[in-house]
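Chains as they are written, first to last, in my numbering: chain A, 2 to 292; chain B, 93 to 232; chain C, 45 to 710; chain D, 658 to 845.
Don't take each hint at face value.
Pairs of lysine to aspartate or glutamate residues, derived as EDC-like cross-links and limited to a Cα-Cα distance of at most 16 Å, are as follows [stated by the list, open to error]:
id : chain 1 : residue 1 : chain 2 : residue 2
1  : C       : K574      : B       : D167
2  : B       : K98       : B       : E147
3  : D       : K799      : A       : E16
4  : D       : K822      : A       : E16
5  : C       : K455      : D       : D739
6  : D       : K819      : A       : D206
7  : D       : K824      : A       : D42
8  : D       : K829      : A       : D252
9  : D       : K799      : A       : D206
10 : D       : K837      : A       : E106
11 : C       : K432      : C       : D548
12 : C       : K153      : B       : E96
13 : D       : K814      : A       : E16
14 : C       : K658      : B       : E147
Derived CB-CB ranges, DEER-like [said to hold, decoys possible]:
id : chain 1 : residue 1 : chain 2 : residue 2 : range
15 : A       : K100      : C       : R567      : 50 to 56 Å
16 : C       : K397      : B       : A184      : 44 to 50 Å
17 : C       : A613      : D       : T665      : 29 to 35 Å
18 : C       : T425      : A       : D206      : 32 to 38 Å
19 : C       : E525      : A       : G74       : 55 to 61 Å
20 : A       : R166      : C       : D576      : 25 to 31 Å
21 : B       : F95       : C       : K86       : 23 to 29 Å
22 : C       : M155      : A       : K100      : 54 to 60 Å
23 : C       : A46       : B       : G161      : 28 to 34 Å
24 : D       : P825      : C       : K397      : 33 to 39 Å
25 : A       : K100      : C       : D576      : 29 to 35 Å
26 : D       : L798      : A       : G74       : 47 to 53 Å
27 : D       : L798      : C       : D576      : 58 to 64 Å
28 : A       : S145      : C       : Y399      : 28 to 34 Å
Every beta carbon over 10 Å from chain A, so not counted as near; a handful from chain C, in silico [unchecked claim]:
id : residue
29 : R74
30 : R125
31 : R541
The hints are simulated quantities; they were obtained by calculation from the structure and are not laboratory data.
These numbers were taken from a predicted model, which means no experiment stands behind them.
Even for Gly, the Cβ is constructed at its ideal location relative to N, Cα and C.
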Amino acid sequence: MKQYSYFPGCGLSPEGFGRAFDWSIKGVNKVLDLEFKEIPDWNCCGTVPYDTLHEHASFAVCARNLALAEQIGGDLVAPCSSCYVFLSRTNQYIHEYAKVKKEVEDALAAGGLAYHGKVKVRKVLDVYVNDVGYDVIAAKVKKSLEGLKVACYYGCQEVRPIFGRDHPENPKYMDKLVKALGAEAVNFPLKSACCGGSLIISEEDASLELIKKLLDSAVSNGAEVMITGCPLCQLNVDAYQAMVNRKYKTDYHLPILFFTQLMGVAFGLDEKDLGLKTSIVPVKKALAKFI
Amino acid sequence: MSFEPKIVGILCNWCSYTGADLAGTSRKKYLPNVRIVRVMCSGRVEPTFILKAFEQGADGVLVCGCHPGDCHYQDGNKKTARRMPLLKKMLAQFGIEDERVRLEWISASEGDRFAAIVNEMTEQVRKLGPFSGNGGGANG
Amino acid sequence: MAPKIGVYICHCGSNIAGIVDCSKVTEFARGLPNVAVARDYKYMCSDPGQNLIKEDIKKLGLNRVVVASCSPRMHEPTFRRACQDAGLNQYLFEMANIREQCSWVHVDKEMATEKAKALVSAAVHRVALQEPLETKEVAMNPCTLVIGGGVAGIQAALEIADAGHKVYLLEKEPSIGGHMAMFDKTFPTLDCAACILTPKMTSVGQNHNIELLAYSELVELSGYIGNFKAKIKKKARYIDTVKCTGCGRCSELCPTSLPNEFDCGLGQRKAIYIPSPYAVPNKAIIDAKNCLHLKGKANGKDVCRLCQKGNEKKGLVGCEAEAIDFDQKDEMVEIEIGNIIVATGFQQFDPAKIYQLGYGRLNNVFTSLEFERLTNASGPTSGRVLLKDGSEPKTIAILHCIGSRDANYHKYCSRVCCMYSLKFAHLLREKLPEAAVYQLYIDMRCAGSGYEEFYERLQEEGVNFIRGKAGEVTDLAESPEEKDRLVVMVEDTLVRRKRRLPVDMVILSCALEPRPDTEQLARILTLSRKADGFFLEKHPKLDPVATTTDGVYIVGCCQSPKDIPDTVAQASAAAARVLALISKGKVEIEAAIANIDEEKCSGCKICIDLCPYKAISFDEEKKVSRVNEALCKGCGTCVAACPSGAIKGRHFTTEEIMAEIEGVLA
Amino acid sequence: MPEAKTTTFIDEICAIPGGEDIKVCIQCGTCTASCPTADRMDCSPSHLIAMARAGMREEVLSANSMWLCLSCYLCVVRCPRDIKITRLMHVLESLSARSRLSNKRTTTPRMYKGFNKFIIRGGRISELWMMVGYYLRTNPLKALGMLPIAVSLFLHKRISLKIDKMKPEGIKQLNAIIDKAESSGGTW
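In isolation and in its complexed conformation, chain A is listed as follows (with noise of 0.2 Å):
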């Protein structure tokens, strides 16, 4: 069994928005024998507000978990786009900026912590189709989902700015994961468009826009749900859907899943362990053939 330390993040911490992608996270890991170990207590890693506002201290949030997670060792898997962003940047600049290095280590310090910038920060996805890999996970399809038509919403952080794993604005591998379980991934051309992320709570107008972008697109391809790795956009696109209906007289019920939501449906576990009922827009209509 593969193992790896885990930082939820609070988006899929127990009492979190994004939870169901923890649920259906640990679900699939089980099918595919992988260990994700979550850090002990761990801290949010601060994302945008965090580094905007406090960029000293934002590097040192970030380098606690690196610090703990150092100790369990492995590769840290981060779910959360914002949360990988912000602790793989945070690998980068201490490795770039020898002030934020010293500045780092002398705050952990005082907290009692090292880290000696062991760690690389990895995504679910990344894990799944580059360590487990697309055949096996194929193997493991016990409702091949045929027929089922896929938009795969990558959204902005899942690819940028961290370059190498795909192509930073026409990504492929999720589509190639839908396919692994039988479903076709539809075009989507803004399959890396921005939500609006947190920016939906000050700017809604602007994210809504967005938000909006999004269906249609999605939508107009012939999209039966939408599938992302982020709790954020997830939040956005299934929580705010009723809003985007009511400002601009659309009339869209497209089901937003976690990718890992979908892998369980296909690997045949069951829905309550995937928390299918914690979408906003329903998605038993569209998955009924399958669960």
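Following the hints, position chains B, C and D against chain A.
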């Protein structure tokens, strides 16, 4: 004042020496600890040159040639590369630390890289301290 | 005779003296062994500077000279000549590089001065042991190889051939002409590319001094300046070029239909075809990958051959010249030449790499080269600018800097894009007066004779200039007027507005980049390349067409992106250099080569396998190795490897190098 | 004396890791052309850079532009000078907040501040309480408008009244780290 290591740089004429010149023409600043000796090809470098350098009080030796495949004489640099491991063994027996001898490929367009390597190696050797030739060496 | 050394420290104005304390170094030099005189002077390379040396040699009877100044790659020849003029063998001269490798790279004056002393001491120690050498002269082979049949290669070949010397013109493709042959007009004069190039192409075909090796590649090179041997592969064209009359009937008969490279795939050709209307040589060629017969032949079947047999049903006879030869094979030829001119040109950047620009994904996004064909009277649309659906565009956007000035692709500016983009705009205004034309640029770079004037002319012609680089091209409409069109996202940085620009056609002004085979060719010719991948010239200012390999020259876009005038100028420059060498008739060969002491040689033959030039042979009678002085290039690999120390690397003897090391540390 | 000002403001920006990129911008506008929210900004990202380099400190730091940055990094992957614009925006946000010039028309700073309180206090975020806090601070009526979403989230077990907190010793350690980091000065 901190210890200023003396490093002898043996550079091939076509790629590395040209690269070092480029660092100059583009006014790329680097530490003055490396003194360059020019040979036509890194393939000309004899182990005895390196021992001689240490015997004469060098603290490090930097050998540079063209990148593999770019050698002006087809593959002289490969022959150097092949000699290196052997030489390093020998040096170890003389008590010369591995970091004191370095083989690098520098192309004619890599002035910046040459400067960077010089600085890096200088600091490395500075850490090691002066070469005493203890444990033998040519003068031990 | 005991060494009597003169040492000369150059200030190079303030270039050296600004950092290095030259008087201190001179003082130091006076104290060095065997130094008879040491002086410093403002500019040693100047006449008075050189005269200092000459007079001292004569008056003080110096028998060794050291100059501490710039890099030997800069002025070693200058000072060697000075020594020779004063009757001192040039190999008794040594240089200390205290500019490029000292004053220009260090800031601490004290330490720089110390280093300069060390370098001078090294040279003094070394020069004392140096021996006089006689350079041998060998005959210069008057034949020249020109690699690449674009405008650069054509120009160089014609100038040398017209001077009455043999030229082999090597071209990878089935016809010469290169990129220029694909162009419609040329900026800023707007004369038609074909009109000025095709006459040159024809005269290449007719010139008796030029042997055209089309559809051929260089595979191996040996020898040295004046006496190169080149191995060339003539790829099978399945046509007897002697018999073929270029009538083109074979193409009419061929049943296939394939994308035409010459039209960037916008037009069609057959599997047997003549590359272009003005191809030189004007001979057919068979595309083996797509020829039905050759494909069948591969699995033992005899199919098609319509081009050969003709088509009775249609009452058409096949090739009457009987030029078609399905059994033709690649053939190797060896030629001997004295000089080589490399004119391999460039390749266009592939904009499909920039996903957001939609090339290859969205209809009606074209590359600059595709547009050249689209607007060319001999092109697939006979010069009509049409969209994929056959209609005429009403709005066209020309996007600058695609792949150049971009850290993600090429950092350099491709130099010609601004100008050819203006040319495109002019052609569009001319052909589609009703259409709106936009130029999306970062900076207009119009440096050249008549270039800025051309820019102004285009402004007068009513082209819309938007200062901003396109961020994205999309087909996702957000308004009725955008429906079923392309939308270019750009910031008009002069009014600081983000704009969505609805257009019908997008032209991507693509970068010029090194050809993919540049690296391989660099190896065959032992050339260096710059960080950007283009061939490296010997000196960027003073020797831009020569290379570090004597007898090999680089011209045109294989050296860096440039326009046609600059390319032609370089071609002529290289031709002149070659002609000068030919008229001299002789070439000095390196005297600093290996020499074997037969007494010491144990006959182990290690050196023989090591020598990259097969310059060492074995004398079976005496059981010793011997160096062929014409072939040896003095790399010294054998010297370093000889177990019995029998091989001496002249001018780089073990003693000399040891002395230099000793000196540099003294 | 504008000159002096210019240098100091640029230095201020360059002092923060990632800020130094601002020097190499060629004002091509690729960032603006790629930005999903550029239309709503007082001045486009590239304009902001130009103004910063012109030393227009107040104008830059009081603009709403950086507060509209979604951190989608599209500009970063497209920038021909490889400038980390997103980071640059965060740098400007931080300078703006520190110099108390934050734009009044955008409520993002207040949202961010509320968010950060949670990290210090509990080490973790609670979407619900953060939103509640935010709307009460900015626009209580809005809170009512958001009620349906809050409720549906609640009904779907997406948010809870409970706040997920770290263990006390963890929080102590975290705050020790934060205090140390903060103490190392407002600027680098």
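Practice problem: State, for the Cβ atoms of R166(A) and D576(C), whether the hinted interval 25 to 31 Å holds or is violated. | Solution: Between R166(A) and D576(C), where Cβ atoms are some 28 Å apart, the hint holds.
Note to self: Verify this label for me: R125(C) is non-interface relative to chain A, using a Cβ-Cβ cutoff of 10 Å.
What the structure shows: About 51 Å separates R125(C) from the closest Cβ of chain A, which puts it past 10 Å; holds.
Return holds or violated for the Cβ distance of L798(D) and G74(A) against the range 47 to 53 Å. Given a distance of about 51 Å, which is inside 47 to 53 Å, the answer is holds.
request  = Run the C-beta distances from R541(C) to all of chain A and say if the shortest one exceeds 10 Å.
outcome  = 18 Å, holds
TODO: Starting from K837(D), check that the Cα of E106(A) is at most 16 Å away, please.
DONE: 10 Å, holds
Original post:
Is it true that M155(C) and K100(A) lie within 54 to 60 Å of each other by Cβ?
Top reply: 28 Å, violated
message: Verify the CB-CB distance for F95(B) and K86(C) against the hinted window 23 to 29 Å.
response: For K86(C) against F95(B), whose Cβ atoms are near 36 Å apart, the range 23 to 29 Å is violated.
Problem set entry | Hint consistency between K799(D) and D206(A) [alpha-carbon to alpha-carbon, up to 16 Å] | Distance ~13 Å between K799(D) and D206(A) Cα, so the pair holds.
Discussion item. Need the status of pair K829(D), D252(A): alpha-carbon distance at most 16 Å?
Written reply: With Cα atoms ~49 Å apart, K829(D) and D252(A) exceed 16 Å; violated.
Handout entry: Satisfaction of hint between D42(A) and K824(D), Cα-Cα up to 16 Å
Key = Between K824(D) and D42(A) the Cα gap is close to 7 Å, so the pair holds against 16 Å.
Review point. Is K822(D) within 16 Å of E16(A), Cα to Cα?
Key: 10 Å, holds
Taken at face value, is the distance from the CA of E96(B) to the CA of K153(C) at most 16 Å? 15 Å, holds
The earlier numbered hints that this structure contradicts are 1, 3, 6, 8, 14, 15, 17, 18, 21, 22, 23, 24.
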